[in-house]
Amino acid sequence: MKHGLLCLFISICSVPRLSLFSSKGWQPLTFPLLGAYISLSRQSKKVPLQDERFFIGPSCPIFWNTSPGELEPYGGPSVDCGPWMDLSSYSLGLIKSGYTRIPQGHMVKDEQLPYQGSIQDHTELLETSQKVLDYLIQDPRIQKAASPALIHADLHKRNIYVSPDDPTVVTGVIDWQSTSVEPAFTYCNETPDFASLPSESQLAEVDESAPDDQKKKLNDAKICHQTYDVCMKGLVPKVRQAMLLDPALFRPFLYCHTTWRDSATTFRQKLMELSTRWSDLGMQGSCSYLPDEQQVAVHVKLYEDFETVQRLKMWLRDSLGTDSDGWVPNDVWEAAKDAHRAAYNEWMETARNVEAKGDELTVEKADRLWPFDSR
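What the sequence shown shows, in mature numbering (1 follows the signal peptide of the UniProt record, and there is no 0), is residues -20 to -1, 1 to 355, in sequence order.
Among these hints, one or two may not hold up.
With a cut-off of at most 30 Å between alpha-carbon atoms, the simulated BS3-like pairs for lysine-lysine come out as follows [what the hints assert, rightly or not]:
id : residue 1 : residue 2
1  : K345      : K317
2  : K25       : K76
3  : K76       : K124
4  : K202      : K293
5  : K137      : K202
6  : K293      : K345
Label pairs and their calculated CB-CB ranges [to be verified]:
id : residue 1 : residue 2 : range
7  : K345      : T151      : 21 to 31 Å
8  : E329      : D31       : 54 to 64 Å
9  : T103      : S266      : 33 to 43 Å
10 : D298      : Q264      : 37 to 47 Å
11 : I99       : M65       : 48 to 58 Å
12 : D66       : M328      : 43 to 53 Å
13 : N310      : K25       : 17 to 27 Å
14 : P94       : L261      : 36 to 46 Å
15 : D353      : Q100      : 19 to 29 Å
16 : E170      : G85       : 28 to 38 Å
These are calculated hints, taken from the structure and not from any lab test. Ideal Cβ positions, reconstructed from N, Cα and C, are used throughout, including at glycine.
Sequences and hints are given; from them, build the entire structure.
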């Protein structure tokens, strides 16, 4: 297929962009349980739907690695891949998946960054997170925001194909392999790139003296973002309840099964945000995760390194026109490689200057913090 939305999007003004997703119908499907939406009758562990050609079966995105560079589950196959009849069994499945993804000691690379965390760090975090999730699933707000929902899990521009004559006509949507019936709050953690707001660095570049075309692009992006938000809240009732929930209450569910992929520091930050705001969020008692002052101090330094990597990714994404995984269209691949090399050289030159002044960022550390494998 040709004419991916990624290639055409920059030439589409805001009105056709709005039509692209505001005119699409939303079917209020109801699912009795959580898991992958399949049509394979040979799958033994399945529950049929009303249309008996389709079933809910084991969940692929949770129990098989689907992201670039993600490790295989070295601990062996999980004993609980779904489907799940309720949020309690689903949450337990997440924890079991998290344990399964922790590699054996001899498979851990020596050059891992400290914020990744040790095997013991991940094991202890999962033990604590199980207690946290067990408490959270009792909250009526979370139960209401966890209605089983089926939405494309990776609805970004590169996966949407439109007509070259009328970009409001969707001719195809690809990359469905990660789609499954998940709690509605799962879909509130990420906004598709066609509806995302510009980054802080991009916003800083647009002031009163900026060219009119830059101001128009910023305004178009804001309109798209607002319209997407209205469409999701207005046309998808299940997601509406989840979008009204404070993200701190559901983020532990989203990160507990991928601690090894995303780092112990990332998940620890989500638990700390929840623990710190526990009472303000209307929770009773105290959070099961209560780090002491020393643990918080260590975490703060590790999280600084993690945020440095994320800022680098965002800078590269904006500079190279990629997504956070480094995807670029084929026709600009060579130019993107050259730009990436120049960006890396600039980053390393900055590190050399900083190291010469005696600061903590060394050339060796800067190279390890670089978010992409290519140099």
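Hint check results:
1. K345 <-> K317: Roughly 22 Å between the alpha carbons, so the hint for K345 and K317 holds.
2. K25 <-> K76: Holds, at roughly 18 Å.
3. K76 <-> K124: holds (24 Å)
4. K202 <-> K293: holds (22 Å)
5. K137 <-> K202: Holds, because 17 Å separates the two Cα atoms, which is no more than 30 Å.
6. K293 <-> K345: Distance ~16 Å between K293 and K345 Cα, so the pair holds.
7. K345 <-> T151: 21 to 31 Å: violated (47 Å)
8. E329 <-> D31: 54 to 64 Å: Since E329 and D31 have Cβ atoms about 60 Å apart, the given range 54 to 64 Å holds.
9. T103 <-> S266: 33 to 43 Å: violated (23 Å)
10. D298 <-> Q264: 37 to 47 Å: holds (43 Å)
11. I99 <-> M65: 48 to 58 Å: Violated, at about 32 Å.
12. D66 <-> M328: 43 to 53 Å: holds (51 Å)
13. N310 <-> K25: 17 to 27 Å: violated (39 Å)
14. P94 <-> L261: 36 to 46 Å: Between P94 and L261, where Cβ atoms are some 30 Å apart, the hint is violated.
15. D353 <-> Q100: 19 to 29 Å: Holds, at about 27 Å.
16. E170 <-> G85: 28 to 38 Å: holds (33 Å)
Going down the numbered hints, you'll see the structure goes against 7, 9, 11, 13, 14, while the others check out.
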